[in-house]
Each structure stands twice: as structure tokens, then as C-alpha cells.
Amino acid sequence: MNRWIRNSVLVLCVAFAGGCGRPDDAPVTLGEPGVLPQTPQRSGDAALGYEILVNRGYVSCGVPLDAYEAARPGGDTGPSLPGRLGRNAELPYDLNATVDDNGVELVVSNCLACHGGSFDGEVIVGLGNAFADFSVDPMPAVESFGLLVEDGPAAAAWRRWADRIGAIAPYMQTDTVGVNPAPNLTMALMAHRDPRTLEWLEEPLLAPPPNSPLPTAVPPWWRMQKKHAMFYHGGGQGDQVHYMMLKSLVCTDRIEEAQAIDEWFAHVRAYIVSLEAPEWPHAIDAELAAEGETVFTAHCAACHGTYGAEWTYPNLLVSLEQVGTDPAYALQAVEAERFIRWFNSSFYGEGAVARPAPGYVAPPLDGVWATAPYLHNDSVPSIAALLDSRARPTYWRHAGERPEYDQATLGWRHEVLDHGKEGARNAADARTIYDTTRHGYGNQGHTFGDVLSDAERRALIEYLKTL
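According to this note's numbering, the stretch in the sequence shown is residues 1 to 467, in order.
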């Protein structure tokens, strides 16, 4: 039952892309490759932001507490985080406790379901969860909670949550463990909401997105210190708070509620931009790393910036033609005009604008060693393979039941296969296979490291450990 509980709350992890007017006449202006513009951001209290993040109910619907506890009597809560207050201290770190308007205690998802990854057995707040499983249908778990709910306000609370998940479930199930369906899920939520009032609509207002989510990797939060825009396509421009609070879109039915969460998330953003990348936890060959810095400066810095006390970062959005990586995610974003209009005409678009471009942002590389797999779709299992396109496996999966890190390649140990999902033993086995021949899952492009010698790659990998 614990697996079903975790999967049923993990489904609430969301993210997408930012104006005024009706959804049918709001302008759509796409971005272009080049330097992304900087806009002023709101300030906040970072310590308060952390408290909000790990304790409050910014997602306001979920599983009634009594049903949750009945489903997991004495269950292991796993790793813990400091600063968890009251009931939150008794829950897994990716769940928060809250009370709805009718006094029903709820267990709800928080941002760390996707943005709390593990490394060496410790939770790193802000590290993307590369092992989350969105490949299973969430509805059996949702319905199982319903069997444990008593009539009255608790039943109404469960039904509200179950109806939301039921409406978006067809658009959030990936075919591979580890990849994230956040953009597709968010578009499905938009389709069921009136952009002017945020009222939930049983029948979608817009045509829903495709029911096969494209894979996306969850970027680390500490990059936000340097970034002018959010998302791989650079489309999240303007007030970053309004993108960061989109997780609340699952349950926020009134403008007044959204405004209250908006005030909270000014502080959450302050916390996010205060985060520093984790330090490499092992020894570093300083001489080899110095050689690698020279390689990096010559081949990587123009797009990814420089590091150290006088760091620079160009905020460069690179065209699809130049970077050459799988184009499906960027093309879906620029073609999704109905959802761009929805955002730009909604509360979330006030002070922000959704302006995706046909390209990908070259990210800052602080702590890059901790963020495997690589590329925007998690298609490359290690930095060593990213720097040599000939070493990238067509079919692969994480090795073993527990993820193990490879210090030499800067990635999670993986098993290279000679077949894709069609050659799997069964459906469960197929879900573990990353198949780069599938739509949106390609591992092509970013071949800039192919010109390097083996010695230069080893030196560059050593340098990347220092970032």
C-alpha cells in the first residue's frame, strides 16, 4: 500500500510557462534564440520561504488524514528534513499537512515530490528527483483511499481531489520511470480551468494536450540564482513567482486563494535563489581539474558561462539547429498557442508572460555532477556520454534496485541493453527501459564534446566536479 500512497501523491508535481485579456484574443508572441532579457524580481524572506515550502498547504486538496493513516499504519516515513512542524514532522518529506475550509485534515503533495532528490542517502532540497515514477496509472491508488474515507466533509474533500486527478490522469502517465510529465500535466490543468476566475470546469474549456507526455528532466533549483527565464525553452519570462506557484493549480479554485499563495511564494522564491549547489563529496585531482578548466574555457564557457568568484552567465537560448538535441519539447511549447493564451490571460500571467522559443537554454553548470541524467529529456545517463556522442546508449536503464553513482563518468550506473521496450519481458520491465528511438526521447545533438581527445574529456570531467 505504501507504494500506491507515494504514487498517488506524486502525481501532483507540476510546472509550465506567462499578461491580460480573454483567452481567445490574448496575443501570442514567441521568443527567439539569443540572450534572454532580465526582468526585476520580487524580494522575500528566504527562511520564511523554506518554512512555507515544507509545512504549508499551498496545494489545498489531497487525501484525508484518517484515510492516509489507515492505509499506512506505522509506515516508514523515510529521510527527514529539518524545520518540519507539527503533523508535518510525522510525514514523508514530500508531503505536507493542511486543513481545508471544512476543518478536514489533509495530506497533500509539496514541491519536493519532484524537487527533492537523493544523493548518498541524503535528501538534497532543490535537486531534481530523477527516480520518480509517473509510469503507473494513479487512479487505482486514488480510488483505494476513497474506500477508507467516512461520509461527510472528509468524503467531500476526497472527492474533490479524486475528481481533479481523474480529469488529468490520462495526460500525466509517462512510459518510462524517471522522466517527468510536468508540462503536459500543467496544460491538462489549464484546460479544465476558467482563466479569469480559476473555477474548475468538469468539461475542459480547451482541447487537452496529447495523452502521451513528452519526457522532461527536473532542473536543480540552485540554477535560478543566475537564470533570467524559467524552463528549457526559456518561455517563463517576467515574474518568476507566478511560475513557481503553478503547483497550486491542481486545487486553487478562486483568485483570492491564488493571491494568498502568491504572497507566500515571493518568500519561496527568495529561498530557492538562496540555494547553493552541493560540493563534490570526494577527492579532486587539482592539477587535472586545472587542465580541464582550460578545455572548458575554450569549448564550453561561451554558452554555459564561467565560474568562481567573478562568474559570468550569458543566459543564452540556443536554436534547435545549433544545439541539435531532440526538438519535440521545444516545438510542442511554441505550438501550444491555446495554453500560452490561457496563461497570459490568467491571474498567473499578471506581470509574467509565456514566451517559449524554438530552442533550448544552455544552463548554468553549478553542481552539474549531481544532476544526471542529462539533456532536457534525461536521455543521456552520464556526463562522459554527453561529451562523446558515440558513447551514448540507444537503450538503457538504471542498474540495480538502489541507484549507485559512478564517480568516473559523473552519472548513475546503468545497464546498456540491445533492445527497446518491445523486447521487454513484461510491461513492468518495459517501463524501466529508456528507449531513445521513441518520440521526444532522442539522445542526439550537443555534440560539441566530440572534437575533444580522451585526455581532454577526462580533464574536463575533473573540472566539472569543482563547479
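What the hints contain is simulated information worked out from the structure, not anything from laboratory work. As the structure is a computational prediction, the values presented were derived from the model and not from experiment. We put the beta carbon where it would ideally sit given N, CA and C, even for glycine. It is possible that some hints are incorrect.
Distance windows between CB atoms, simulated [claimed, not checked]:
id: 1; residue 1: D429; residue 2: V99; range: 15 to 23 Å
id: 2; residue 1: S118; residue 2: Q322; range: 28 to 36 Å
id: 3; residue 1: R42; residue 2: S80; range: 44 to 52 Å
id: 4; residue 1: E276; residue 2: G86; range: 50 to 58 Å
id: 5; residue 1: A290; residue 2: E257; range: 26 to 34 Å
id: 6; residue 1: A70; residue 2: E122; range: 28 to 36 Å
id: 7; residue 1: S118; residue 2: R42; range: 50 to 58 Å
Hint-by-hint comparison with the structure:
1. D429 with V99: 15 to 23 Å: violated (42 Å)
2. S118 with Q322: 28 to 36 Å: holds (34 Å)
3. R42 with S80: 44 to 52 Å: Violated, at about 30 Å.
4. E276 with G86: 50 to 58 Å: Between E276 and G86, where Cβ atoms are some 29 Å apart, the hint is violated.
5. A290 with E257: 26 to 34 Å: Roughly 53 Å apart at Cβ, these two residues miss the hinted range, so it is violated.
6. A70 with E122: 28 to 36 Å: holds (31 Å)
7. S118 with R42: 50 to 58 Å: Violated, since S118 and R42 (Cβ atoms, about 31 Å apart) do not stay within the stated range.
Violated hints, in rising order: 1, 3, 4, 5, 7; the structure is consistent with all others.
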